[in-house]
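Peer 1: If you read the protein sequences in the order shown, they are chains E and H. Take the first sequence: its position 61, counted from the start at 1, is 61 in my numbering, and no numbers get skipped. Take the second sequence: its position 174, counted from the start at 1, is 174 in my numbering, and no numbers get skipped.
It is possible that some hints are incorrect.
DSBU-like mimics (lysine-lysine), calculated; alpha carbons at most 35 Å apart, straight line [stated by the list, open to error]:
1) Lys90(H) / Lys71(E)
2) Lys60(E) / Lys46(H)
3) Lys47(E) / Lys155(H)
4) Lys91(E) / Lys95(H)
5) Lys44(E) / Lys64(H)
6) Lys165(H) / Lys138(E)
7) Lys60(E) / Lys36(H)
Everything labelled a hint here was simulated from the structure, so no lab data went into it. Since we're looking at a predicted model, the values are computed, not measured.
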Amino acid sequence: MYSYIKPKKKTPLTQEVILIVSFFSISFLMLFTTYGFLAYKDYKFEKDMNHIENKKQELKISINNLQNRIKFIEQESNLANKIYTTNSVLKDSISNLFDLVPERITLSKAQILKNGLILFGITPNKEIYEYMLEAPLKSIFAKNHTSFYQLENGWLRFVSTNYLDNNFEDLANEN
Amino acid sequence: MKINFPRHIIYSIIFAISLIIFAVWFSTAKLIPMGKEYRKNKIELKKQRADLKRYEDYHDETLKMYNETRSKNRHIIEAFDTKFDIEQFKKDNKKYFINLAVTKSDKFKKEDWYEIYDVNTTSKIKSPVNFYDFLDALNKSKWIIGITFPINFTKDGELIHSNFKMKVYKKKSSDINSTTDK
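Next up, chain E with everything else stripped away, as it sits in the complex:
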């Protein structure tokens, strides 16, 4: 028998197979792309978290360091201001001391101590000393003691020892 129809060439890639393969290729491409995206995001998350953690640690150290430095500067500043205040108070004290001594009494030596004052000098008589120097000294110092020595010219040499209370002593000790 002879057929006039030309035989079709047989192939495994039928139209159905091509359709199925195309459909699944697109589907799997989408699935694997999604997988790749999620895997990359997971890797990026780990990386970002590490970076954030490191950065936080660096910032913590830096903040701690800065706070210590601020604290140290404040300590220095407090100490310096305390010293400046003490110097100023000392200046006023010395100024007051020289203002305190009347013209008729002559000082030969003065010792400003942590908690007191020792004055050496000469006075024409005891009364002048008592009214013009001892009275103001008593108003400042808690404890006072004065010794007198007679001089040949009739004047008196005196040694006046004056002490403050403990509060001033504490303040003076801090210097």
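Fit chain H to the supplied structure of chain E, relying on the hints for placement.
Peer 2: Chain H in isolation, oriented as in the chain E frame:
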């Protein structure tokens, strides 16, 4: 009734079912948990970024405070850092006195953060104000200097001799973090 499928259709159906099974397994076993994890991580990352921002803001605030404190106390910081120079001190302050002598006292411990100097001055009895000016000048000097007790004044004719000790403060050697660092 007998349905007669061509063989290649049966193969195609089996192939398609296999691929569907794989796709379902892949989605449920891999993609869905990963997607959930991704959403969780995204929220966590956002939280961590907000936390980091708070740290950065606090750091900037602290740095600003540090710079302000530094500039406000610049003179004091520099004064603590400056090494005491007796000759320079005498040069700066000799205008207040007829005579000014400064010597380093041996009576100080090495661990102390100050050095003690003995100071002897001579000034005119009529110009005690110079001594006050000297005390004022100390507070503006290049160093942190505190006058210590006792202070002795002795009259010698028209002159007053005074002697006292002064503490010159310096930075403690244990302070590794220098405040002069930028």
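Peer 1: Hint compliance check: list the failing hint numbers for this structure, sorted ascending.
Peer 2: 3
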